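Student: Now for the letters of each chain:
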Amino acid sequence: MIKEYKTIREIANPLMIVDNVEGVTFDELAEIELPDGSVRRCKVLEVEGNRAVLQLFEAAQGINLAESKVRFLGHPLQLGVSEDMLGRVFNGMGEPIDDGPEIIADDYRDINGLPMNPAARAYPAEFIQTGVSAIDGLNTLVRGQKLPIFSASGLPHANLAAQIARQAKVLGKGENFAVVFAAIGITFEESEYFINDFRRTGAIDRTVVFSNLANDPAVERIATPRMALTAAEYLAFDKGMHVLVILTDITNYAEALREVSAAKKEVPGRRGYPGYLYTDLATMYERAGRRLDNPGSITMIPILTMPEDDKTHPIPDLTGYITEGQIILSRDLHRKGIVPPIDVLPSLSRLKDKGIGEGKTRADHAGTMNQLFAAYARGKEAKELMTILGEAALSDDDKLYAKFADAFEKEYVSQGNETDRSIIDTLTIGWKLLSILPERELKRIKPEFIEKYLPREEAKE
Amino acid sequence: MGKVVKVSGPLVVAEGLAEANVSDVVRVGSQNLIGEILNMSGDSASIQVYEETSGLGPGAEVVTTGLPLSVELGPGMLENIYDGIQRPLPEIKEATGDTIARGISIPALNRKKKWEFVPVVKEGAKLIGGDVIGTVQETSAILHKIMLPPRTGSCVLKWIKKGEFTVDESVACVTLANGKELEISMLQRWPVRIGRPYQQKYTPARPLNSGQRIIDTMFPVAKGGTAAVPGPFGSGKTVVQHQLAKWSDVDIVVYIGCGERGNEMTDVLNEFPELKDPRSGESLMKRTVLIANTSDMPVAAREASIYTGITIAEYFRDMGYDVAVLADSTSRWAEALREMSGRLEEMPGEEGYPAYLASRIAQFYERAGSVQCLGTDDRRGSITAIGAVSPPGGDISEPVSQATMRIVKVFWALDSSLAYARHFPAINWLTSYSLYTDALTPYYEKEFGPEYMQNRNRALRTLQEEAELQEIVRLVGQDALSAGDQLTLEVARMIREDFLQQNAFVTEDAYSTYGKQYRLLDLVLRYEDKCREALDAGCELQPLFGIAARERIGRAKTADPDNYEAIYDEILAQMNAQIDEIKAGGEDE
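Residue numbers (this note's numbering), protein chains in the order written: chain A, 52 to 512; chain B, 21 to 609.
If we strip away everything but chain A, and leave its shape as in the complex, we get (with noise of 0.2 angstroms):
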């Protein structure tokens, strides 16, 4: 028997707080339902004595202190998951939008998931081709990884992550993949690019959208990559599926989150954001990976808008702990006109190394890899130079290197949003950019790779 209370004290949106309950329960959903008939959802933040405090999901908008009426269900925010949610479009609150039948849930499952155990974690290390050379040849996405775009407004991240949903595969394997698309509080536009680059590849029947955006509650954010998630783990690790989650944009769930910890009047941590940003962060993006024993994988890219373009604001700067690198767009390149705008120095992935080399990539790439970056970075400190003293005023070497950032800029990195280049073809341009350089300078690379793979001197002057 399930009580109702008509015992509701006080509503500070997205706050509400209910006296004289009884059995509740610490994270507990709750509905309200209007003397209207409709119902809006709510769970439960604390309870102290016989009374509970609760965060709407939904708008406080028409709620009558009074004649509302408040039911606890007994159980948290769960979503029920199922096989047929593929090709669906749901709310932030996991109910379908698209004038489909009703899903019939499989199993109900808790948004909020389990931490997943470290020993019974499997290593991620298969290579995925994303097809963009900044990527594969410098900051290796692996099958099971989470790897952020970090990008700022007016910044083409969308048309990035839709390129890497588009072309990623796994070298030489059966693909058994699915799609997590949640959109959290973006614009219909941007929401309406990603779903209609899906249904131009006939990605969108493999494809779970939760959609939340702009003018939805803001406070539904906080539930919706959860939601999102949850779908995921259900697909990859109950029906073995690969399953790539994009969530887009974290910025804005973390201003949901901020928002609530102001309302609870919680001590402030950075910039206003809650002490625990950077847990709750860690307990969404820690459900990628892969499990040890089971066929599934989640590889996630969350994006993410750097608020004043600045890497050390809270969001980027908690994710870039939790996560495994970041891909960051600059700003510069994007006028420059380099598509993808991809700054590949303060990019990083960090499970790039089990991921290239013999057997997964090809033997040369790990110091190939490092030899670019390296002489990429000399280059654009060269060309820093150059633009204070002019070029004379350089070493011969740092004309070369100043000379190879250019070309690297525009040949490596700036390949189109439509390209879809092999790994092989991303090792021969970089092995054709080191040529730029003296051979003495390569010295990341072992000698019988040098041997084997440099374009030698005819093709020079």
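For the record, the hints were derived by calculation from the structure and aren't laboratory data.
Bear in mind the structure is a predicted one, so any value in this text is a computation, not a measurement.
Glycine included, every Cβ here is placed at the ideal spot set by N, Cα and C.
Watch out, some of these pointers could steer you wrong.
Calculated Cβ distances over 10 angstroms to all of chain B for the following chain A residues [as the list claims (entries may be wrong)]: (1) K220; (2) D360; (3) L384; (4) G388; (5) K434; (6) K503.
Below are the DSBU-like pairs computed for lysine-lysine, each with C-alpha atoms no more than 35 angstroms apart in a straight line [unchecked claim]: (7) A:K454 with A:K431; (8) B:K296 with A:K411; (9) B:K133 with B:K26; (10) A:K405 with B:K296; (11) B:K550 with A:K431; (12) A:K315 with B:K26; (13) A:K57 with B:K26; (14) A:K54 with B:K603; (15) A:K120 with B:K23; (16) A:K450 with B:K603; (17) A:K450 with B:K550; (18) A:K316 with B:K296.
Let chain A serve as the given structure and place chain B on it in line with the hints.
Tutor: Then chain B, alone, in the frame of chain A:
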């Protein structure tokens, strides 16, 4: 028995706990969640619960165990991986599958496994607390010494057995001073928040050999010392910690993954069993204890994980071993403190951290040290504590970095601009420091001769000069420098690229012996000497930079570790010959 009155995340308030003590471990609710009492007021207790409290509400029962949070100490810890409150993760996996369910109670040490116990004392022997009574070959690398519990006092051994026992079976019995008898098993318990006692502490005087050139040669840490590795994300904190865990010349490594990535722990679990200790030839896992409280695991247990780790380390120290404790990352631990403090509605100090942050950090690092252990023999053990710090935005003016810098003696500052250029380890040579160099110099001089430290100091000076010259170059360009200064720049670059850079993923380079470190740096410095001679003789710079031996110096760090001396001799001879040739050519003209 008490009743819950309030639940707010990991903080639970319960009433009716008059018989409980502050810091007692309690069991909460029907799911038997594990918690610890933080504060008491009358009969009401504030409890931090080490597991997710979802589904817990007022009225749930709370039972105190009457004991503070403790760890089990005995054979079976090595090669194992525990969560923050010492529950064995592989056994949790057996019990609940791939995720960690709540309320699981599995003893830290396997109760069924039998260990071969070999007595080392005879019946009738006079003993005191801390004395070794027997040994167990726990892994092929480590002999586990079974000690009398520290607080036993003086006693006489009544009987002792040889043979195979489980950890909770009695292996010996002593008669205490008051005439009572005490049966001893191989299992001890110790409360994590209290340091295990020892006889005396010493100033550390031996270096910890990590095989990392920038650490061993430039900024060494002593065995029994403390060090911090601060750095922004992506600067390689974890790789540095992993390298230290792999190659340090200690007997035992306790690695605490505190609020970090799950895959990093998996990486250790996969990789360590495969790697061989360069000294003993045994698998590295055989000397390692892992504590994993990843960032998605409950935050309160993260607070405990640091103490769990250091207590286990102290236990091995008490056997007379050198132990390294690696905590990655202490910032996450501090955040857990902050979160609990916020829920307790304490008055915050800086950036919301509790006012006791600095004293807690200091207490943790102070549990490191080089000590004479309890007992009648003259065992000495040490704990070297190395903590990663993750300052927000890489800005070390924040409270955790500052509180850490006040207490640790070695500071390896990681630098994102070095990391971007893929200079690893990305330890900045200008901002890092080691306060142990003076204490360790006698050791280095005795073992490797006076040139070792002289070369080191000269190399650091060259790098310092480079930083000053770079400022001039930025203003007027390199050509404006004298030939001597240009050579300094070139040599500094060689020190950076050919000596300091070390690739953790190349087998020959991942670990360098002291001998190889010395010879490699010496090679670079001899090149400088030879070039200066040539410059004085009127040679041009460019041909000197262009000699073929330079490329070989660049590759010298990956020389075969067993045969490096011959290779370096050969490079040296080649280099000298080539420079002499240029000199001769110059004189001819």
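Student: Taking the hints in turn, state whether each one holds.
Tutor: Here's how the hints hold up against the structure:
Every beta carbon of chain B lies more than 10 angstroms from that of K220 of chain A, the smallest distance being close to 22 angstroms; the non-interface claim holds. Even its closest Cβ contact with chain B, about 13 angstroms, leaves D360 of chain A beyond 10 angstroms, as expected for a residue assigned away from the interface. Separation of L384 of chain A from chain B is adequate, the least Cβ-Cβ distance of about 15 angstroms exceeding the 10 angstroms criterion. Every CB of chain B lies more than 10 angstroms from the CB of G388 of chain A, the least distance being 23 angstroms, so the non-interface label holds.
The Cβ of K434 of chain A sits about 13 angstroms from the closest Cβ of chain B, beyond the 10 angstroms cut-off, so the non-interface label holds. The beta carbon of K503 of chain A is kept farther than 10 angstroms from every beta carbon of chain B, the shortest such distance being approximately 17 angstroms. About 10 angstroms separates the Cα atoms of K454 of chain A and K431 of chain A, which keeps this hinted pair within 35 angstroms; it holds. About 25 angstroms separates the Cα atoms of K296 of chain B and K411 of chain A, which keeps this hinted pair within 35 angstroms; it holds.
The hinted pair formed by K133 of chain B and K26 of chain B fails the criterion: a straight-line CA distance of about 42 angstroms is larger than 35 angstroms. For the hint linking K405 of chain A to K296 of chain B, the alpha-carbon distance of about 19 angstroms falls within 35 angstroms, and the restraint holds. Restraint check for K550 of chain B and K431 of chain A: the C-alpha separation of about 32 angstroms stays at or below 35 angstroms, so the hint holds. For the hint linking K315 of chain A to K26 of chain B, the alpha-carbon distance of about 16 angstroms falls within 35 angstroms, and the restraint holds.
Taken as a hint, the K57 of chain A and K26 of chain B pair is honoured in the structure, with Cα atoms around 22 angstroms apart against an allowance of 35 angstroms. Between K54 of chain A and K603 of chain B the alpha-carbon distance is near 98 angstroms, which puts this suggested pair outside the 35 angstroms criterion. Simply put, K120 of chain A and K23 of chain B have alpha-carbon atoms about 28 angstroms apart, close enough for the 35 angstroms limit, and the pair holds. A hinted pair counts as satisfied when its Cα atoms are at most 35 angstroms apart, and K450 of chain A with K603 of chain B qualifies at roughly 28 angstroms.
Between K450 of chain A and K550 of chain B the alpha-carbon distance is near 28 angstroms, which keeps this suggested pair within the 35 angstroms criterion. The hinted pair formed by K316 of chain A and K296 of chain B fails the criterion: a straight-line CA distance of about 53 angstroms is larger than 35 angstroms.
In this structure, the earlier hints numbered 9, 14, 18 are contradicted, and the remaining ones agree with it.
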